[in-house]
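With chain W held as given, fit chain U onto it using these hints.
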Amino acid sequence: MSQVTITINGKPETREVEDRTLLVQFIREHVGLTGTHVGCDTTQCGACTVHLDGVAVKSCTVLAVAADGAAVTTIEGLAGGGTLHPVQQAFHEHHGLQCGYCTPGMIMASVDMIRRHDGVLDEATVRHELEGNICRCTGYHNIVKAVLDAAEKHRAAQAVAAE
Amino acid sequence: MYATTYHRPKTIVEAVALYEGFDDASYLSGGHTLIPALKNRLAAPQHLIDVRAIPELSGITVTADKVVIGAATRHAAVAACEEVKAAIPALCGLAGSIGDVQVRHMGTIGGSTANNDPAADYPSAVLSLDAVVHTDRRAIAADDFFQGLYTTALEPGEILVRIEFRIPEIAGYAKFRNPASRYSMAAAFVSRHRDGKVRVAITGAGNGGVFRWSEAEERLAADLTPAALDGLAVDPSLMMGDIHAPADYRAHLVAVMSRRAVENLGRTYIL
Chain W
1 MSQVTITING
11 KPETREVEDR
21 TLLVQFIREH
31 VGLTGTHVGC
41 DTTQCGACTV
51 HLDGVAVKSC
61 TVLAVAADGA
71 AVTTIEGLAG
81 GGTLHPVQQA
91 FHEHHGLQCG
101 YCTPGMIMAS
111 VDMIRRHDGV
121 LDEATVRHEL
131 EGNICRCTGY
141 HNIVKAVLDA
151 AEKHRAAQAV
161 AAE
Chain U
1 MYATTYHRPK
11 TIVEAVALYE
21 GFDDASYLSG
31 GHTLIPALKN
41 RLAAPQHLID
51 VRAIPELSGI
61 TVTADKVVIG
71 AATRHAAVAA
81 CEEVKAAIPA
91 LCGLAGSIGD
101 VQVRHMGTIG
111 GSTANNDPAA
121 DYPSAVLSLD
131 AVVHTDRRAI
141 AADDFFQGLY
151 TTALEPGEIL
161 VRIEFRIPEI
171 AGYAKFRNPA
181 SRYSMAAAFV
191 SRHRDGKVRV
201 AITGAGNGGV
211 FRWSEAEERL
221 AADLTPAALD
231 GLAVDPSLMM
241 GDIHAPADYR
251 AHLVAVMSRR
261 AVENLGRTYI
271 L
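Keeping their order, the protein sequence lines are chains W and U.
Using the working numbering, the first residue of the first sequence is number 1, and each one after it goes up by one.
Using the working numbering, the first residue of the second sequence is number 1, and each one after it goes up by one.
Among the hints, a few may not be true.
[As the list claims (entries may be wrong)] On the chain W side, residues computed to face chain U include the following (Cβ under 8 Å):
{"id": "1", "residue": "S2"}
{"id": "2", "residue": "R20"}
{"id": "3", "residue": "H30"}
{"id": "4", "residue": "V55"}
{"id": "5", "residue": "V62"}
{"id": "6", "residue": "A66"}
{"id": "7", "residue": "T125"}
{"id": "8", "residue": "R127"}
{"id": "9", "residue": "E129"}
{"id": "10", "residue": "E131"}
Calculated from the structure, these hints are not laboratory results.
The beta carbon of each residue, even a glycine, is placed where N, CA and C say it ideally should be.
If we strip away everything but chain U, and leave its shape as in the complex, we get:
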């Protein structure tokens, strides 16, 4: 790791002022993506601004139709939250399937969402649950937030403060992991919302990162059963291909995981 200077602001205003005062700064949350990147010298910001001491970024609130989670909330806290479990069990299951126990004790929902790793879990929940991402300056709909691999609508210096999930009628999450890295090679988050709309978000597979599978949504809105997806496939040319799984295999996994998510509504299915 190259030398860096650490800052721990207590307010959003202070954090943004720090960011804007430096040429080369980066926000730090749980650090479970950023610190490995710093150690590999893939990133070398001269200033690290730790956002975890800012009170607005903490805490979980559940209302009649929303689950609101502060950006610095750790995966383990989401996984264990009884109120979230009662409202959106698949969201708890997803949080409890990220990395391993130690990683879940440090990694945060805001960090995962802002980083938008194509194999990350949370972006699929944000997109499927039609969440609103609140920052220090605006509210961004999930459909506008994710803009490709490691790319989001966040502007330089903008801080993700909290994520507001819509509580669906029912939702399920199914993930097929790489047996060595445990990152998803294809995962599907399927939600039927109270207005009857179905949203299917796929992570781990698309060559542009997380995406909505609209053909699957149309079929499942008419008939929320695994059989409704029979014969439906995604275009392999839109999938990632690498040493772990070629694009046509990932395309196949997308369809299988989507069916499994529908078979497991109200819970998670992790392979």
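Next up, chain W with everything else stripped away, as it sits in the complex:
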């Protein structure tokens, strides 16, 4: 057992956990934030994607104890009060989901992608960079549209901020 403190969505969470506890178990079972999903549990589907110290990772393949002292953002940490994050809003507008199971991971991966590319994305790049996230419903079409729209809006917001 180890005492682990992880700052999740800005709030430090300290728990006594077994060393074999995965980050996704820490988030879901110990802290009770169930927006992060476990899809395949084999590092393939990306449903468990969260941001660990600012980059997208698969939380089913990180030990919670190894993330001691780190900052994690989950899907619950994106929206500000009642306002959806721009990527969430774009998924909503473009119907980028059907069953919704993969959506938290898709959105966390997309936020990371838009940030890394500063919103400069094309369809081929979006499809390539969503390689680590599997959706069995949508055929990805509307997901890609949503990411491109959110990226466009990110660029526009950057341009406004620069003026």
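Only chain U this time, still in chain W's reference frame:
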């Protein structure tokens, strides 16, 4: 996953002492091979020694003739490094083709090299770029490092610290991936070094893991063109055969990917 105890040493000395103090310990880096293996109970070390907090294992240095990468450097950091891109663009392309974005944010060059998975990408670069693998106790030439499937020259408890790549005159990497798993079914890393020697390393295909294709090297040293490889084939009895690709198909892919690597010198070609 069976119960285990996690350790996070800050120095190499401390890490080795921990390893030697336990009967059943394993080093942990990015964990993107080891943690899935633990979850499947294919491995169950009682102690995990995380090497990522050891400063010597971090960082990238580029000199006039070497690219030196710390073992705990993540694939994404290698893929995005402008200095490496200028020196050996194929190495950045290779790093950027491993797994997916999230995997590249965690997986490390040292972990991939030390694990020596027959479908891993990095072993081909280490072998083709005539790298030297530095550990906590010695320097090992790439030709001596890889010793068969999941087997390397590393002794129990030995820590891979950094890898020193020779900057070639030019190099290219071509990979044919399994469409579902995205692991390579055959990939070729071709380098022409400044002394004129050509090294061709093949991963994903050989039944003994990564290997040098010496016949291809001889031909390409004389003539660095795809046509120089015309009619040359590897022996299918030395290739892996499985549900994804039988051995004769992999042998064919080895020749095709080697030609593609030569056609794409200075970059990567990922199918």
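Going through the hints against the structure:
1. Given hint, W/S2 at the interface with chain U, holds; its Cβ is 7 Å from that chain's nearest Cβ, closer than 8 Å.
2. The restraint placing W/R20 at the interface with chain U holds, with a minimum CB-CB distance near 4 Å, inside the 8 Å limit.
3. Evaluation of the W/H30 hint against chain U yields a violated restraint, the C-beta minimum of about 16 Å exceeding 8 Å.
4. A hinted interface residue such as W/V55 counts as satisfied when its beta carbon comes closer than 8 Å to some beta carbon of chain U; here the least separation is about 5 Å, so the hint holds.
5. Contact between W/V62 and chain U, as hinted, is supported at the beta carbon level, the nearest pair being about 7 Å apart and thus within 8 Å.
6. For W/A66, the interface hint holds, since its Cβ comes within 8 Å of a Cβ in chain U; the closest pair sits about 6 Å apart.
7. Nearest Cβ of chain U to the Cβ of W/T125: about 11 Å, over the 8 Å cut. The hint is violated.
8. Hint status for W/R127: violated, given a least beta-carbon distance of 12 Å to chain U, over 8 Å.
9. At its closest, the beta carbon of W/E129 sits 5 Å from a beta carbon of chain U; the interface hint therefore holds under the 8 Å criterion.
10. Interface restraint check for W/E131: the shortest CB-CB distance to chain U comes to about 4 Å, inside 8 Å, so the restraint holds.
When the structure is compared with the earlier hints, violations turn up for hints 3, 7 and 8 and for no others.
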